[in-house]
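Student: Chain by chain, the residues run as shown.
Protein chains: 2
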Amino acid sequence: MGGDHGPHVTVPAALEFQARLPDVDMVLVGLRDALEAELAAHGAAAGPRLRVHHASEVVAMDEPPMQALRYKKDSSMRVTVNLVKSGEAHACVSAGNTGALMAISRFVLRTLAGIDRPAIASVLPNMRRTNTYVLDLGANVDCTPENLLQFGIMGAMLVSAVEHKERPSVGLLNIGVEDIKGNETVKRAADLLRSSGLNFAGNVEGDDIYKGGVDVVVCDGFVGNVALKASEGVLQMVASALREEFSRTPFTRLAALVALPVTRAFRQRMDHRRYNGASLLGLRGIVIKSHGSADVFAFGQALERAVEEVRNSVPQRIAARMAQLQVPAA
Amino acid sequence: MGGDHGPHVTVPAALEFQARLPDVDMVLVGLRDALEAELAAHGAAAGPRLRVHHASEVVAMDEPPMQALRYKKDSSMRVTVNLVKSGEAHACVSAGNTGALMAISRFVLRTLAGIDRPAIASVLPNMRRTNTYVLDLGANVDCTPENLLQFGIMGAMLVSAVEHKERPSVGLLNIGVEDIKGNETVKRAADLLRSSGLNFAGNVEGDDIYKGGVDVVVCDGFVGNVALKASEGVLQMVASALREEFSRTPFTRLAALVALPVTRAFRQRMDHRRYNGASLLGLRGIVIKSHGSADVFAFGQALERAVEEVRNSVPQRIAARMAQLQVPAA
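Chains as they are written, first to last, in the numbering used here: chain A, 13 to 342; chain B, 13 to 342.
Please note that the accuracy of each hint is not assured.
Any copy will do: because identical chains look the same in the list, a pair fits if it lies in one copy or spans two.
[As the list claims (entries may be wrong)] Okay, derived cross-link-like pairs now, EDC-like style, lysine to aspartate or glutamate, Cα gap no bigger than 16 Å in a straight line:
1. LYS199 - ASP154
2. LYS85 - GLU178
3. LYS223 - ASP16
4. LYS193 - GLU100
5. LYS193 - ASP74
6. LYS199 - GLU178
7. LYS223 - GLU178
8. LYS193 - GLU75
9. LYS199 - ASP35
10. LYS85 - GLU244
11. LYS97 - ASP86
12. LYS85 - GLU69
13. LYS223 - GLU100
14. LYS199 - GLU158
15. LYS193 - ASP154
16. LYS85 - GLU75
17. LYS193 - ASP37
Please keep in mind that the hints were generated in silico from the structure rather than gathered at the bench.
Bound conformation, chain A alone (with noise of 0.2 Å):
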């Protein structure tokens, strides 16, 4: 029900991503009648692979966390995360008030054991083609250096399920590479986190993000979330500047038509809806938040991370890494 278009997005996305993996059985949580009215929209029904499960209300999204949690008991988001909790779902995808969604998924699903609090972890893409996970984007205003070091962990855990990578490197975001800069907690940081076994790069910058050096960039949310934001920031300055140089005279519109599979390519690599997805991490089960403004496209992208996440057991994979660590985790 969430995200800013609702079912509109959602269950068009639901169909057209069961056409595409017909192995994966899916759950429309919702106003049922909202939901139904959709999937007959789009010349669809409900069946026994894709189910409609009625919730009779709805976290708006400017709703605070708190008052979905205590007082919408039967929230389309409550009853997803419900399903996760039952194990009659392997994942739960919202698009929804991100607030809400981490509130009532560590209401619910509680936190794995040594996690102190749970992050929010997304994939950027970077200047050798690969992916960079960045975590934590929003979730955490003030972090010790446990958190940090839980992300790391966290992070890495993710990376080697679902890149299949062995010893994923992690950075640490600071603000330059040597040890001795950044503030307190960064520093003590640096220090778990080079005693924890995981394969630590140190510290990385604002810029390394991009680079694709590391596979890991652990931040705590304030500085995660201003990061990601300014990066958008600047895309979207590029984009215009682009455009506005390629509409300015008769001869730069001809050039952009020349142009045009170049920049066709180009927006498509930059395209941030293939990023879509952010994972939720540190919790006893899996919840994937979806951008608000994602399209079908784009929240295909979302259900496509549930699902490697599921076929990769990331929370057991967090949870047998945390029972290793020899750090205290405070």
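Position chain B relative to chain A; hints supplied.
Tutor: What follows is chain B alone, placed relative to chain A:
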């Protein structure tokens, strides 16, 4: 003497600058032989309008700032800042070690009354093709709400001085625009900014830096530095992706040729060299930090920034505004 290229960049940049602005007197500070050789290499010589001031030491780019401050009393950096202190120079421009420049400037010049810590402010481009001033960009990794308030005042005074705006708008970098978002420091800083008499626009997010909705974006140095570097990383990735797509096949290489005037205009527009020259604000004197990798063009931009700040009395304006401040500056 500083930066990646030393006098090979700074000396020709000074010559080129003085050719453009002949009413600006310049003092080249550093190893006399190196400076005079570089002048001679450009068919120039020192004179009353372009003096060489000998300094026997050079601060290394990777030297610990405190070491430079304590033991290199005759470094080109220290001597230049001394010239500002004594009034022999109106401003100092350096491409050297940022930490050392900040430590020396703070020690020699002192901060203005009410300013606890200087900040590094820089101009960034935005979609409205105006300038966004962001501070702090890395001088202060742990800021109090009072520091952030002071950054807001300093940024606003800088913009009012050099952009001739009467009431520049100030945004506080946060991870959401709602008042409840962010950590405690940011929330308290918002309260201080709201009652400061500044034109406070509330919280802004990372992408707002590039939207141009506010003139000044205030943040702590850790967050600002990461946002800036992440932005640089995205731009590099975009540039490299565009290059790759344009050189993929004979057809795309032809398209590149046709689109050359467009991509050239685009590159020029996105050229970070135009924004070179960060202000060390809050000092009793004008100090401008050029990027270490600056070329002659970029270093010239930093020189221009220094002249702008001198002509518009930036430190005096900050001092005057601080004197009016009702809120006690802790």
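Student: Hints first: check each against the structure and report whether it holds.
Tutor: Okay, the hints, checked on the actual structure:
1. LYS199 - ASP154: both (15 Å within a copy, 13 Å between copies)
2. LYS85 - GLU178: For LYS85 and GLU178, neither the intra-copy (41 Å) nor the inter-copy (52 Å) Cα distance is at most 16 Å.
3. LYS223 - ASP16: neither (32 Å within a copy, 22 Å between copies)
4. LYS193 - GLU100: neither (48 Å within a copy, 34 Å between copies)
5. LYS193 - ASP74: between (38 Å within a copy, 12 Å between copies)
6. LYS199 - GLU178: neither (26 Å within a copy, 42 Å between copies)
7. LYS223 - GLU178: neither (20 Å within a copy, 41 Å between copies)
8. LYS193 - GLU75: Answer is between; shortest inter-copy Cα gap is 13 Å, intra-copy 39 Å.
9. LYS199 - ASP35: Neither: 47 Å inside a copy, 48 Å across copies.
10. LYS85 - GLU244: Intra 35 Å, inter 45 Å, cutoff 16 Å: neither.
11. LYS97 - ASP86: within (15 Å within a copy, 68 Å between copies)
12. LYS85 - GLU69: within (8 Å within a copy, 70 Å between copies)
13. LYS223 - GLU100: neither (40 Å within a copy, 45 Å between copies)
14. LYS199 - GLU158: within (12 Å within a copy, 24 Å between copies)
15. LYS193 - ASP154: Between. Shortest inter-copy distance 12 Å satisfies the 16 Å Cα cut-off; intra-copy 19 Å does not.
16. LYS85 - GLU75: Intra 14 Å, inter 59 Å, cutoff 16 Å: intra-copy only.
17. LYS193 - ASP37: Classified as neither; 49 Å inside a copy, 37 Å across copies.
Checked against the numbered hints listed earlier, the structure breaks hints 2, 3, 4, 6, 7, 9, 10, 13 and 17; every other hint is satisfied.
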